[in-house]
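**Student:** Please build the complete structure, drawing on both the sequences and the hints.
Top to bottom, those sequences are chains A and B.
According to our numbering, the first sequence is numbered sequentially starting from 27.
According to our numbering, the second sequence is numbered sequentially starting from 36.
Be aware that one or more of the hints could be misleading.
[What the hints assert, rightly or not] Dumping the calculated BS3-like pairs for lysine-lysine here, alpha-carbon to alpha-carbon at most 27 Å: (1) B:Lys102 - A:Lys360; (2) A:Lys360 - A:Lys284; (3) B:Lys147 - B:Lys194; (4) A:Lys360 - A:Lys463; (5) A:Lys328 - A:Lys344; (6) B:Lys202 - A:Lys360; (7) B:Lys253 - A:Lys284; (8) A:Lys284 - B:Lys202; (9) B:Lys194 - A:Lys284; (10) B:Lys147 - B:Lys102; (11) B:Lys147 - B:Lys202.
For the record, the hints were derived by calculation from the structure and aren't laboratory data.
Please read all numbers here as calculations on a predicted model, not as lab measurements.
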Amino acid sequence: VVPVPILAAVERQHEYVRRAVEERGVRLVRLWFTDVLGQLKSVAISPAELETAFEEGMHFDGSAIDGFSRIQESDVLARPDPSTFELLPWADGGSTARMFCDIYNPDGSPFEGDPRHVLRRNLRRALDSGWSFFVAPEMEFFYFADGEPNRPLQPLDSGSYFDLTTSDVASDLRRQTISVLEAMGIPVEYSFHEDSPSQHEIDLRYTDALTMADQIMTFRLVVRELALERGRYASFMPKPLPDVQGSGMHLHLSLFEKDTNAFHTDGADYALSPVARGFMAGLLHHAREITAVTNQLVNSYKRLVTGYEAPVWVSWAKNNRSALIRVPVTRADKTSSTRVEYRSPDPACNPYLAFSVILAAGLKGITEGYELPDETVQNLYELTPEEAEKMGVRPLPQSLAEALDEMERSELVRDALGEHIFEWFLRNKRAEWRGYKAHVSQWELQRYLPTW
Amino acid sequence: MDLLVVFPDPAPAELVRTLDLAGYGWAGIGGADAVADKEPEEGWAGAVVSAVEDAEGAWAVCRALRKRDEPIEPLLVVVSGAQLGELDTRDELYDDFIIGPFHPRELEARLKHLLWRTGRGPSPQVVEYGSLVLNLETYQAAIEGRPLDLTFMEYELLKYLASHPGKVFTREALLNRVWGYEYYGGARTVDVHVRRLRAKLGEEHANLIQTVRSVGYKLGQSRWQP
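**Tutor:** Dropping the structure here:
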């Protein structure tokens, strides 16, 4: 039974959206949802249809959406979440707004193929233990002159880490992007030029995982749309240029119990509470199983190689950028900022699903009381496979195929994603791998054609 | 601001939330004596009296509000289903009634209509603080005439803070009063929303909402303070 106050709150939110649409002259409302691969989907409705969308939801045929098709039933229902109503300041002079949707079956039950629902389910599980899951991502991406895959990619600048590149197009774009993000209520913590030419980083301020997943979906769209407006191309591809660093999406993670940071204990090693240590142990234990979800492209594994600030080994350390989990330095009096940084994910993942498996792995570590292995103090980039084995440090999966093998064996991932998405994801990604495996690359031609 | 008088004190949580969300100023009283003692100079703007918890006390308060030179109106009384019979002989003691547990929207609508009919009482239509204006009728907010595009919860939070200028609220209190239902983010949600509000208010006005270290947040200064 839904208590009356919640009903009233929802009605009030509907009313709020209706009035905002009227008062702000909104002409188009985009209903957004995310397919299983993490692509944003949109159905546009006119203000006149808003009432129906709230009361009944919008019916559509799910069979054309990646991961939404089922054998029996293909109709699904998108119901807008009024709390996500936001104007899109860059689109059509501000007369377009958006809401994220939750997807339901025709019988009213949540649709098992909806990534947003999967994350809600996992967050509910954490909340049952009293924990809210907070995430802050570091979003990395490249600007290119265009998105034409058959020409060599042209970066917009040749800047490097922290470079203050004045008056160039890329930095202008980044500035403009940040002001749009802020106007949309997506606060930016830092932004700077990253290590590679034309590579930029925008760090978002932490928020609860569901809102953050929505924000990442919005972020990717804003960055790309604003670049397109200027005739440029922004890409979240994990490794677009072979000889420079790829784009990651480091995630700063913490669990809060009401107002209290459950990851913090005064005086403990690195101020990490038993909860934090359990969470880290769970992440490390299941890291190989969840990598297919956090790094879902063939290309993702070209970023996870030695020599480019990306993690390769399953390990943790206080301040070692070669580790998979890092414990960032925080001010002693700021107990709320004690957190862990998970460094393997890339910005081409589905954030709803990535957060789901990361949270599931962490929670498992806490509830099962996993022991956190020792910190790795060596520079792991210099580690040979033999040395690693001696130390008991395992590598992350080396390819999408290996990651899928690990995932397929994982009860944890099956449970976190649910049967429907688990099966579909494996099927889809196996096909992607088969396509890649059968392909003959330029590298092979250059290397083998002259000699064989 | 004009104040409604509310009985009993502490007032039932759902009543508090409904009045706060609707933007009414109010003060709780514990009994009939307090009607005159706590009355503001300009008089009570109206009353909401709940008989559900303490029927005898409630009717005494109603009598104190009505049996005087200038009876307080409008007076809305909350009764349980079993108390409906008590209304029969007391027509002069109230203007309208509602059955508790009530639907918050119904209470709000009845109160609004009563206040409109008597042509007095607090006007919840607009909340202003400096150049910040919230129109409660249209749910629109603006600062220096520039419209703010807020989400519902950002709007509700800003409205709540702006309705109580200078008052410091803890995160928990804001979460209970503004969100009022279980939310994924817990109390940290408040920080996140404040940060978003500041972003939308723009650099110039970002300090309108102040962080009170190790307590919570407040908006501006109280009008009653020098």
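**Student:** Could you run down the list of hints and mark each one as holding or not?
**Tutor:** How the hints compare with the structure:
no.: 1; hint: B:Lys102 - A:Lys360; result: violated (58 Å)
no.: 2; hint: A:Lys360 - A:Lys284; result: holds (16 Å)
no.: 3; hint: B:Lys147 - B:Lys194; result: holds (18 Å)
no.: 4; hint: A:Lys360 - A:Lys463; result: violated (49 Å)
no.: 5; hint: A:Lys328 - A:Lys344; result: holds (26 Å)
no.: 6; hint: B:Lys202 - A:Lys360; result: holds (25 Å)
no.: 7; hint: B:Lys253 - A:Lys284; result: holds (20 Å)
no.: 8; hint: A:Lys284 - B:Lys202; result: holds (22 Å)
no.: 9; hint: B:Lys194 - A:Lys284; result: holds (23 Å)
no.: 10; hint: B:Lys147 - B:Lys102; result: holds (24 Å)
no.: 11; hint: B:Lys147 - B:Lys202; result: holds (26 Å)
Checked against the numbered hints above, the structure violates hints 1, 4; every other hint is satisfied.
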